[in-house]
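Number of protein chains: 2
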Amino acid sequence: MGRHTIDFPAWLDDRVQHIETVLDQFLPPVTAVPPTLHEAMRYAVLGGGKRIRAALVYAAGEASLQSGTAASAQEIALDHAAAAVELIHAYSLVHDDLPCMDDDELRRGRPTAHVKFGVANAMLAGDALQPLAFELLGLMPIAPALIVQATQLLARSAGSLGMVGGQAIDCASVGLALSGEELKLMHSMKTGAMLEASVLLGGIVAGAGSAVRQGLEAYAAAIGLAFQVVDDILDVTADTATLGKTAGKDAAENKPTYVSIMGMDGSRDLLQSLHAQAHAALLPLGPSAAHLASIADYIVGRDR
Amino acid sequence: MGRHTIDFPAWLDDRVQHIETVLDQFLPPVTAVPPTLHEAMRYAVLGGGKRIRAALVYAAGEASLQSGTAASAQEIALDHAAAAVELIHAYSLVHDDLPCMDDDELRRGRPTAHVKFGVANAMLAGDALQPLAFELLGLMPIAPALIVQATQLLARSAGSLGMVGGQAIDCASVGLALSGEELKLMHSMKTGAMLEASVLLGGIVAGAGSAVRQGLEAYAAAIGLAFQVVDDILDVTADTATLGKTAGKDAAENKPTYVSIMGMDGSRDLLQSLHAQAHAALLPLGPSAAHLASIADYIVGRDR
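Taken in order, these protein sequences are the chains called L and W.
First residue of the first sequence: 2, per this note's numbering; consecutive thereafter.
First residue of the second sequence: 2, per this note's numbering; consecutive thereafter.
Think of the hints as simulated: they come from the structure by calculation, not from any bench.
The hints are all genuine.
For identical chains, the list gives no copy identity; a pair is met inside one copy or between any two copies.
For lysine-lysine, the following DSSO-like pairs were computed, each having C-alpha atoms within a straight-line distance of at most 30 Å:
id, residue 1, residue 2
1, K185, K256
2, K185, K117
3, K117, K256
4, K117, K51
5, K185, K51
Fair warning: this is a prediction, and the values are worked out from it, not measured in the lab.
Using the sequences provided together with the hints, build the complete structure.
Here you go:
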């Protein structure tokens, strides 16, 4: 797993390629009945994406494992957990892109799933990715009690008090003036919940004790929010080709964003503060948290 | 739990009322943010439905419990499992009714969720009901290893090789001539998988041994299929007011059904044979399976 690699870009590349292989293996083949549904599921999940959630699972796993332990079961379990969060993320994008939601035609530089497979197949593909995520957690070769903890966390983070709740607030707020607090709540649910779950899942699966879990939680809260602030900044500053999705869409739809509420300078100040919080939270975890620290830098500095 | 009640209608009434209370408690309140999403989730789940899946969980639990054991933990666990299958069923109906799928405006005699709350909220409500089902399984007060078994079963039964896969085949087959075998596969996935899961979940939660599980599996396979044959017959013979949903819809849309493929007589013969298979499978389980037997009779004899 390259736990002591200092070359972060190489480590991230390795993890991105690895999770692609893992997802390819875990998704049913296109030959399985019904083939079009499985093709749509694979299209939605494979072939792109930053894989930040998977990287967070792996990096949090590294930060939590006791050094020197034979970690093969945990490594397999981390693959399952990383795949599970990527499946939930992929399903949420498919549904978010549908005509009844954001009505997006471009995702990761390709036609969205419903453009390629039709709305019904896209919706059903999303519906089927969700239980597959829970199935993968159930197949982890670790103590059943830890599996149950992981399942609970994923379920809460993906549900009406987490990711889906945030999407519902987002939908309902188009054209409305949200306060900074309301905006923060929306994003902490819509994007933050699953980013945080990714970090904590890595910790649970690798057997993190309560001190490490506490550090992971503080780190996760900071990067969860930072991620969305960057997204809002990029929606203004980047172009569609770089983003791989339609730029300027939030402003065009009069959606509240950090930039629209706090201004560009205010948003960048907030981002710096969150970045510092993330690093501070990792200090007690020592050098095994190096990749988590690098992911925080990566999230803050990304241009797409 | 009335394990020795012989009055089946009274037992079923009791279970239907009980699961309504249980679901009401398990669903987030409408005061939780976002309120409209939670209102839509509660609308989709509460206030109607035959609750056959919940009844199957309870009846299979009764058939699997050792008589005389203090069963309070199992009773709580059965509530969670029964609620979980009803949540999955409710979400599937909400998504199935959407304009991109069956485009139904009536369900259980009321406007469908998207008619009442809009398409986006209805889709998101379905999306959020699914993880809630897995969360409830994770909260069962039984051995974690049994929770993991239950989670795996629910995930597989609700996924692309189960319920959602069946819906995808159903969508893709409108206007096509399916063979009897193809139709059977579609229904065994679309409806059968979750009915079977309900029976087996009751067994897992109540600690059924392998002999009992074998009987439950054979029973479940028979009633899963029987349920759909009855549905197809009712689509032809019943009226909209009795059904609480639009009658004659399958024929109008040229959807393949048992009646369209085997004819009404052939369908009724098949139904009788499945009914007999269900009863035969329960014989080794003895008198504690009485309610499972009555549910088989109920499924075959229902008029809505």
